[in-house]
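Chain residues, written in single-letter form:
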Amino acid sequence: AQKITQTQPGMFVQEKEAVTLDCTYDTSDQSYGLFWYKQPSSGEMIFLIYQGSYDEQNATEGRYSLNFQKARKSANLVISASQLGDSAMYFCAPLPPGQDTGNQFYFGTGTSLTVIP
Amino acid sequence: GAVVSQHPSRVICKSGTSVKIECRSLDFQATTMFWYRQFPKQSLMLMATSNEGSKATYEQGVEKDKFLINHASLTLSTLTVTSAHPEDSSFYICSAPITGMNEQFFGPGTRLTVL
Numbered sequence: 307a308q309k310i311t312q313t314q315p316g317m318f319v320q321e322k323e324a325v326t327l328d329c330t331y332d333t334s335d336q337s338y339g340l341f342w343y344k345q346p347s348s349g350e351m352i353f354l355i356y357q358g359s360y361d362e363q364n365a366t367e368g369r370y371s372l373n374f375q376k377a378r379k380s381a382n383l384v385i386s387a388s389q390l391g392d393s394a395m396y397f398c399a400p401l402p403p404g405q406d407t408g409n410q411f412y413f414g415t416g417t418s419l420t421v422i423p
Numbered sequence: 002g003a004v005v006s007q008h009p010s011r012v013i014c015k016s017g018t019s020v021k022i023e024c025r026s027l028d029f030q031a032t033t034m035f036w037y038r039q040f041p042k043q044s045l046m047l048m049a050t051s052n053e054g055s056k057a058t059y060e061q062g063v064e065k066d067k068f069l070i071n072h073a074s075l076t077l078s079t080l081t082v083t084s085a086h087p088e089d090s091s092f093y094i095c096s097a098p099i100t101g102m103n104e105q106f107f108g109p110g111t112r113l114t115v116l
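So the protein lines, in turn, are chains R and U. In the working numbering, each residue's number is its place in the first sequence (first place is 1) plus 306. In the working numbering, each residue's number is its place in the second sequence (first place is 1) plus 1.
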């Protein structure tokens with residue numbers, strides 16, 4: 307399995323401010339896409355954003371955007387205008403290239419984000 | 002969007018008993034499903050890949066005789082924790098991909114407590 311590193315076990319952000327959550331992955335292949343998922347205290351896994359390795363532009367989904375740097379093997383999640391409901395665990399997961407991998411996910415260690423009112 | 006369900010959502014059992022957890026894809030067929038385990042304040046760890054019509058593939062360190070996986074149909078995979086012990090208490094969550102889509106769809110999870 308790949309080694310996925312999320313260096314920030316806990317982060318705090320003021321409501322309405324932006325926050326960046328880090329994710330780096332150690333793989334021999336640069337052809338990796340990357341997912342970010344949010345897990346609130348209820349435990350459900352909520353898909354946030356995905357970027358394929360061959361996408362030219364950084365992905366954006368509403369208040370979420372990816373700062374994807376393939377050469378550095380990092381894909382940081384930027385949340386703009388933080389809301390109280392953003393308080394949750396955040397996990398990144400690289401997607402290996404090719405359909406025959408079965409799309410299994412190996413998740414990073416996660417970052418706990420707390421939004422302060 | 003695609004929906005994956007899990008049953009039960011929460012289960013408490015005595016040490017030594019077996020517990021079965023179901024994972025269903027409600028509006029799509031899933032030839033492959035994945036089972037993860039998550040201990041408190043930790044990440045999701047992939048346990049095994051469930052394959053319809055064939056044996057499951059287990060990750061290194063996961064005991065296949067303890068965690069029995071059966072992919073009975075294109076919409077159902079079951080995980081049976083046999084002879085459960087307190088250290089098996091955890092949050093178990095399944096997911097299923099859809100062919101042609103990169104995203105995986107996760108079930109809501111099952112919280113197992115072994116007394």
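Since the hints were derived computationally from the structure, they do not count as laboratory data. Just to be clear, a hint being listed does not mean it is correct.
Anything over 10 angstroms on all C-beta distances counts as not near chain U; from chain R, calculated [what the hints assert, rightly or not]:
#	residue
1	Q314
2	K322
3	F341
4	S348
5	E350
6	R378
7	Q410
8	T415
9	V421
Pairs of lysine-lysine, BS3-like flavour, derived with a Cα cap of 25 angstroms [stated by the list, open to error]:
#	chain 1	residue 1	chain 2	residue 2
10	U	K65	R	K309
11	U	K15	R	K309
12	U	K42	U	K56
The beta carbon of each residue, even a glycine, is placed where N, CA and C say it ideally should be.
| Hint check against the structure, violated hint numbers in rising order | 3, 4, 5, 7, 8, 11, 12
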